[in-house]
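Per the working numbering, residue 1 is the first one in the sequence shown, and the count goes up by one each step.
If you're looking for bench data, these hints aren't it; they were derived computationally from the structure. It is possible that some hints are incorrect.
[Stated by the list, open to error] Pairs of lysine to aspartate or glutamate residues, derived as DMTMM-like cross-links and limited to a Cα-Cα distance of at most 25 Å, are as follows:
| id | residue 1 | residue 2 |
| --- | --- | --- |
| 1 | Lys218 | Asp117 |
| 2 | Lys226 | Glu515 |
| 3 | Lys226 | Glu493 |
| 4 | Lys218 | Glu31 |
| 5 | Lys226 | Glu16 |
| 6 | Lys218 | Glu10 |
| 7 | Lys218 | Asp523 |
| 8 | Lys163 | Asp321 |
| 9 | Lys218 | Glu519 |
| 10 | Lys226 | Glu530 |
| 11 | Lys218 | Glu515 |
| 12 | Lys163 | Asp289 |
| 13 | Lys154 | Asp321 |
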Amino acid sequence: MAQATVDTPEQVTQLETLVRVNLTDEQITTETVPQEYRDRFIAGKGLGAALLLDEVEAGVDPLSPENNLYFMFGPLTGFAPGTSRYGAVTKSPLTGTFVDSYSGGHFPTMVRYALPDVLAIAIEGRAENPMTLRITEGELALEDATELWGLDTKETARQFEGKQTKTACIGPAGENEVAYATISSDEGTHHAGRGGVGAVMGSKNLKAVVATGNSPPKAPDIQQLKVEHTQRLGTDDEVSWARNGGTQLIVDWTQQVGALPSHNWSRGTVENVDDLNIDAFSDGHVGTDSCFGCPVACGHVVDFEESNTDVDGAFPGASVDWGPEYETIGMMGANTDITNVTEVTELANLADTLGMDTISLGNVLSWLMEVTGAGLVDSDLRWGDAEAAAEVIHDIAHRDGIGDELAEGTARAADLLCDGHPDAREAAVQVKGLELPAYEPRASFSMALAYATADRGACHQRAFPIGSDALGGERDPHDTDGHAEVVIDEQDETALTYSMVSCSFTAYNYERVCEWLNELAYDVTVEDLEAVGERAWNATRLFNLREGFERDDDALPERFTTPLERGGPADGNTITEEQFETMLDSYYEQRGWTEAGEPTPETLARLDIESLAPESQSV
Numbered sequence: 001m002a003q004a005t006v007d008t009p010e011q012v013t014q015l016e017t018l019v020r021v022n023l024t025d026e027q028i029t030t031e032t033v034p035q036e037y038r039d040r041f042i043a044g045k046g047l048g049a050a051l052l053l054d055e056v057e058a059g060v061d062p063l064s065p066e067n068n069l070y071f072m073f074g075p076l077t078g079f080a081p082g083t084s085r086y087g088a089v090t091k092s093p094l095t096g097t098f099v100d101s102y103s104g105g106h107f108p109t110m111v112r113y114a115l116p117d118v119l120a121i122a123i124e125g126r127a128e129n130p131m132t133l134r135i136t137e138g139e140l141a142l143e144d145a146t147e148l149w150g151l152d153t154k155e156t157a158r159q160f161e162g163k164q165t166k167t168a169c170i171g172p173a174g175e176n177e178v179a180y181a182t183i184s185s186d187e188g189t190h191h192a193g194r195g196g197v198g199a200v201m202g203s204k205n206l207k208a209v210v211a212t213g214n215s216p217p218k219a220p221d222i223q224q225l226k227v228e229h230t231q232r233l234g235t236d237d238e239v240s241w242a243r244n245g246g247t248q249l250i251v252d253w254t255q256q257v258g259a260l261p262s263h264n265w266s267r268g269t270v271e272n273v274d275d276l277n278i279d280a281f282s283d284g285h286v287g288t289d290s291c292f293g294c295p296v297a298c299g300h301v302v303d304f305e306e307s308n309t310d311v312d313g314a315f316p317g318a319s320v321d322w323g324p325e326y327e328t329i330g331m332m333g334a335n336t337d338i339t340n341v342t343e344v345t346e347l348a349n350l351a352d353t354l355g356m357d358t359i360s361l362g363n364v365l366s367w368l369m370e371v372t373g374a375g376l377v378d379s380d381l382r383w384g385d386a387e388a389a390a391e392v393i394h395d396i397a398h399r400d401g402i403g404d405e406l407a408e409g410t411a412r413a414a415d416l417l418c419d420g421h422p423d424a425r426e427a428a429v430q431v432k433g434l435e436l437p438a439y440e441p442r443a444s445f446s447m448a449l450a451y452a453t454a455d456r457g458a459c460h461q462r463a464f465p466i467g468s469d470a471l472g473g474e475r476d477p478h479d480t481d482g483h484a485e486v487v488i489d490e491q492d493e494t495a496l497t498y499s500m501v502s503c504s505f506t507a508y509n510y511e512r513v514c515e516w517l518n519e520l521a522y523d524v525t526v527e528d529l530e531a532v533g534e535r536a537w538n539a540t541r542l543f544n545l546r547e548g549f550e551r552d553d554d555a556l557p558e559r560f561t562t563p564l565e566r567g568g569p570a571d572g573n574t575i576t577e578e579q580f581e582t583m584l585d586s587y588y589e590q591r592g593w594t595e596a597g598e599p600t601p602e603t604l605a606r607l608d609i610e611s612l613a614p615e616s617q618s619v
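All chains should be modelled from the sequences, with the hints used to inform the complete structure.
Dropping the structure here:
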């Protein structure tokens, strides 16, 4: 089996090493990431986009050996609170777009301890048999994983995990190339969740990456910054919501403004929200959990059997090690009319264990419920039926029966199972093939723009403008004015967050990132970092344009042109084509893009990324 040694410097300031793992040839090599890329992008998202543009041919099949999967790490990983994260970057098998999906826990820090100056690990080719990549104290080795194939994410992790050893692995869904399979770390508690990065890992016959890190690398004197930021995260109002309840709090917030999707995006509220909100889940709450070195501890451990709570539902003893998070509650619960907390918890645990994205999976379930009720598909799944939903989840992960077609996501399932019936396509609520997260855009028009322009398809983690209109702020959430500027600002700042590979919950704004990086000898200004975020966002746009995406793909699902039912203050709202195009025109203009959605030569020159553009867009 292939082995390699990576030099581990005594003191780490700036990360610079790229490890290449060629599974076809079973070779592991290292190289230095060019300084120009490190200067322009720092790490993470922006660097991943540049690598994809450089190293993956246009039009490649995402599940072919020619697609690469990059594990990306940030300059603060293992040093600072809220930065024990990695990004999985690749071409998405669900959408065909650029995709970067992030995960926390302890695994990223163990990689940093073992490989102190590694910026990225590039997984190339395809192994003949299942393999595991082992990382220990500057050593990398490929090992046979045939006996692990077929194990779920928790079973796989238990083969290796201890205090200083953590895994990132796939479950049956990844092995079977489910288009929204995840990469799971820390025994199924954290997931690089969106866009099917787990399917790409499965297509390469890579079962797991196992990292053992025994001691932190030596760094410059950053202890004071670490203490200050740890205290801030543990006490300040800025992140108090994450400490005091986490994303489960959001259920009540979206219910109040009509933004809680239910009945497959036809309604904006649920009838009995008290059956699904944080108070309902608190009956099964047995503790909190956190990523490495983070004082926020936003993870909730739920075990209704251990809590001795008298609950009903199909799965009264349900448990999950982390969550369910709001997106899971919204999409696996409210949107399917499953409003029993034990049932949502059980479905969440199944998704975690089998290795699937709960946002896409929840949309698939609600879509199937609707088209089954309409007589377009023959299935046993009905609204609110958690037991039948659990069976479908198993079928999808193993591609059994109609699970084979459902494993492709709602857009393809509408064609595969319903011959493209207009009603089936209209019920598939997605952008660029990626199913929507749990924020109803008819309650916040700015979210419609954020969904349509997000680089990986519909996403709330590229911009969250509902937070400054429907959920607070002075912008009118039911009008078109002022949204483009906010969406752009948030997309660029988020692009910097993900280029740093840090957590969006932990208050790393431009000024704080600048302070940290300069302690690590980066010599940057806030203006430099603003350019990094904008540059990364434009780089991902260049990738998507190269893959054939255009203005027509920055579109809103047809469903949102019909009136919202039970929408509270948003009741009866629609978003017309004219309203949406007005926002999109403004967005393109402020971005410095053409009416077709292409960055202009002037924009590319200003951001110093002309070399990444297809020839037709170069200066």
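Mind checking the alpha carbons of Lys154 and Asp321 for me, to see if they're no more than 25 Å apart? holds (11 Å)
Check the hint pairing Lys226 with Glu493 against an upper bound of 25 Å on the C-alpha distance. holds (22 Å)
Regarding the pair Lys218 and Asp117, is the alpha-carbon distance no greater than 25 Å? The given pair, whose Cα atoms are some 11 Å apart, holds under the 25 Å limit.
Between Lys218 and Glu515, is the straight-line Cα distance small enough, at 25 Å or below? holds (19 Å)
Under the criterion that the straight-line Cα-Cα distance not exceed 25 Å, is the pair Lys226, Glu16 satisfied? holds (23 Å)
If you draw a straight line from the CA of Lys163 to the CA of Asp321, is it 25 Å or shorter? Holds - the C-alpha atoms of Asp321 and Lys163 are around 17 Å apart, at most 25 Å.
Compare the distance between the alpha carbons of Lys218 and Glu519 with 25 Å, and conclude whether the hinted pair is satisfied. Given that 25 Å is the threshold and the Cα spacing comes to 13 Å, the pair holds.
Verify the proposed pairing of Lys218 with Asp523, using a straight-line Cα cut of 25 Å. Holds, because 20 Å separates the two Cα atoms, which is no more than 25 Å.
Please verify whether Lys226 and Glu515 have alpha carbons no more than 25 Å apart. The hint holds at about 11 Å.
For Lys226 and Glu530, compute the direct alpha-carbon distance and say whether it is at most 25 Å. holds (23 Å)
Sort out whether Glu31 lies within 25 Å of Lys218, counting only the CA atoms. With Cα atoms ~22 Å apart, Lys218 and Glu31 stay inside 25 Å; holds.
Distance restraint between Lys163 and Asp289, which requires alpha-carbon spacing of 25 Å or less: Cα-Cα ~15 Å, so holds.
Hint violations for this structure: none, all hints satisfied.
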